[in-house]
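Read top to bottom, the protein sequences are chains A and B.
Just so it is clear: in the first sequence, position 246 is 246 by our numbering, and no numbers are missing.
Just so it is clear: in the second sequence, position 62 is 62 by our numbering, and no numbers are missing.
Do not take every clue at face value.
Quick look at which bits of chain B chain A covers, simulated, 3 or more residues with Cβ under 8 Å [said to hold, decoys possible]:
(1) 27–40
(2) 52–58
(3) 110–118
Using C-beta positions, here's what the derived DEER-type ranges look like [claimed, not checked]:
(4) A:Gln201 to B:Glu100: 21 to 31 Å
(5) B:Ile135 to A:Ala250: 48 to 58 Å
(6) A:Ala29 to B:Ala27: 30 to 40 Å
Hints were generated in silico from the structure; no laboratory data involved.
Note that beta-carbon positions come from the ideal geometry of N, C-alpha and C, so glycine has one too.
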Amino acid sequence: MSEIPFTEAELQEYVDGRLPERRRDELEAYLAAHPDEAARLAAYRSQAERLREVFAPVLDEPVPQRLALSFVPRASRKARVAMALGWIAVGMAVGWPLHSYIASRTAQVAETPIARRAAIAHVTYSPEVRHPVEVTADQESHLVAWLSKRLGAKVRAPNLETAGYSLVGGRLLPGETGPVAQFMYQCKQGTRVTLYMRTEQSEHEEKAFRYSDQGKVRVYYWIDRTFGYAVSSADINKDLLFKVANTAYAQLNP
Amino acid sequence: MKDSSQVVALIPRLRRYARALVGERAAADDLVQDTLERALNKFHLWKRGTDLRAWLFTVMHNVHVNQVRSRREFLTLDAESLELPVRAAHEASLEARDVERALLRLPVEQREVLLLVVLEDLSYEEAAAALGIPIGTVMSRLSRGREKLRALMEGLPASGRLHVIK
Numbered sequence: 001m002s003e004i005p006f007t008e009a010e011l012q013e014y015v016d017g018r019l020p021e022r023r024r025d026e027l028e029a030y031l032a033a034h035p036d037e038a039a040r041l042a043a044y045r046s047q048a049e050r051l052r053e054v055f056a057p058v059l060d061e062p063v064p065q066r067l068a069l070s071f072v073p074r075a076s077r078k079a080r081v082a083m084a085l086g087w088i089a090v091g092m093a094v095g096w097p098l099h100s101y102i103a104s105r106t107a108q109v110a111e112t113p114i115a116r117r118a119a120i121a122h123v124t125y126s127p128e129v130r131h132p133v134e135v136t137a138d139q140e141s142h143l144v145a146w147l148s149k150r151l152g153a154k155v156r157a158p159n160l161e162t163a164g165y166s167l168v169g170g171r172l173l174p175g176e177t178g179p180v181a182q183f184m185y186q187c188k189q190g191t192r193v194t195l196y197m198r199t200e201q202s203e204h205e206e207k208a209f210r211y212s213d214q215g216k217v218r219v220y221y222w223i224d225r226t227f228g229y230a231v232s233s234a235d236i237n238k239d240l241l242f243k244v245a246n247t248a249y250a251q252l253n254p
Numbered sequence: 001m002k003d004s005s006q007v008v009a010l011i012p013r014l015r016r017y018a019r020a021l022v023g024e025r026a027a028a029d030d031l032v033q034d035t036l037e038r039a040l041n042k043f044h045l046w047k048r049g050t051d052l053r054a055w056l057f058t059v060m061h062n063v064h065v066n067q068v069r070s071r072r073e074f075l076t077l078d079a080e081s082l083e084l085p086v087r088a089a090h091e092a093s094l095e096a097r098d099v100e101r102a103l104l105r106l107p108v109e110q111r112e113v114l115l116l117v118v119l120e121d122l123s124y125e126e127a128a129a130a131l132g133i134p135i136g137t138v139m140s141r142l143s144r145g146r147e148k149l150r151a152l153m154e155g156l157p158a159s160g161r162l163h164v165i166k
């Protein structure tokens, strides 16, 4: 329908000064006869100039130190990690095994599938606005009964209000060996945390609390004999998540 | 390490792009920090001799996608669906200095392409590679982004079909 003898892509190339010379001359001749089109492309050009102008000052700002430090190879970062841990130790006056956390933080690698699985479930459902959960918190007793029945073990949703998180609800998910439960919590600012819960095939003795980075998702997880738990969030920092996970841990593993 | 000093030298560029992409200063610097940390972990994936800056934009794009985008996308969509002619009357014309505000109202995909091409002067091929999309998509997002930004700057409804209510 359009009779413009140039493709839209060519027009964009022209705006960016990337159209080959001969074609450019032809286009300019065409624009001379088509003021509307000429005005549109001129507007794009001044828009580009404006953008460059507006953001140019950022280049001259001093780089914040935290950024300059983020690209420092690991060896020299030990000190920073140690500092962060020290801070946690001070901030969390909770009687629970910090040494296992430190051990896992230094080893860091041994990712167990539960952290990965929980992180995937977290990124799948936590961005949902309309359907974050299958059953909402106002039917909590129904939710808990239903999930307990499907998992074949008594499930409960810990109360995380003291950590600032309210239950949104929960859902049932397919796991590797059977159904898995996910509870979702949200704070007043809208950040979300999910608790992933599955039954373990074999009995585990260890209760150690571990941390794992799964891309953007931070996960604290632990296994308590027959149950594996993982608390995930992509919204909040490690320290805050630690507090939330610890609240859940204290209730689920009294 | 020579390469790492190259990365550090590019931080101001990354900050500028992040600022334009995200808007708010602290959030933009968070994005840069996450990008740098991820780039450090994935540095072995960078092919020496290829454009380091384009690679860092790829890393930033991925970080941004994983991070805020999934959440923010809904907000953008909702804002779009609530787009009523009334708005044009309220904001007859955005001042030129409001280009930042207008920019933030573009869908993030269009904003990214526009900024990589205009602000960072990446070639269309580089922008396509950085975002992991075909070059045709780069061109169409660029075109739609520019048109929408123009409409926002001139205080017109983006679709051009709605009438301004006086």
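### Query
Using the C-beta atoms of A:Ala29 and B:Ala27, is the stated range 30 to 40 Å upheld?
Check failed, 46 Å falls outside 30 to 40 Å.
### Query
Residue count check for the region 52–58 of chain B against chain A: does it reach three with CB-CB under 8 Å?
violated (count 0)
### Message
For the hint 48 to 58 Å, verify it against the beta carbon of B:Ile135 and that of A:Ala250.
### Response
54 Å, holds
### Task
State whether the coverage of the region 27–40 of chain B by chain A holds or is violated, taking the criterion as 3 or more residues with Cβ-Cβ distances under 8 Å.
Since 8 is at least three, the answer is holds.
### Query
Lying within 21 to 31 Å: is that true of the beta-carbon distance A:Gln201 to B:Glu100?
Violated, since A:Gln201 and B:Glu100 (Cβ atoms, about 54 Å apart) do not stay within the stated range.
### Query
In terms of beta carbon proximity below 8 Å, does the region 110–118 of chain B have 3 or more residues touching chain A?
Coverage by chain A holds for the region 110–118 of chain B (4 residues, Cβ < 8 Å).
Hints 2, 4 and 6 from the earlier list are contradicted by this structure; the remaining hints agree with it.
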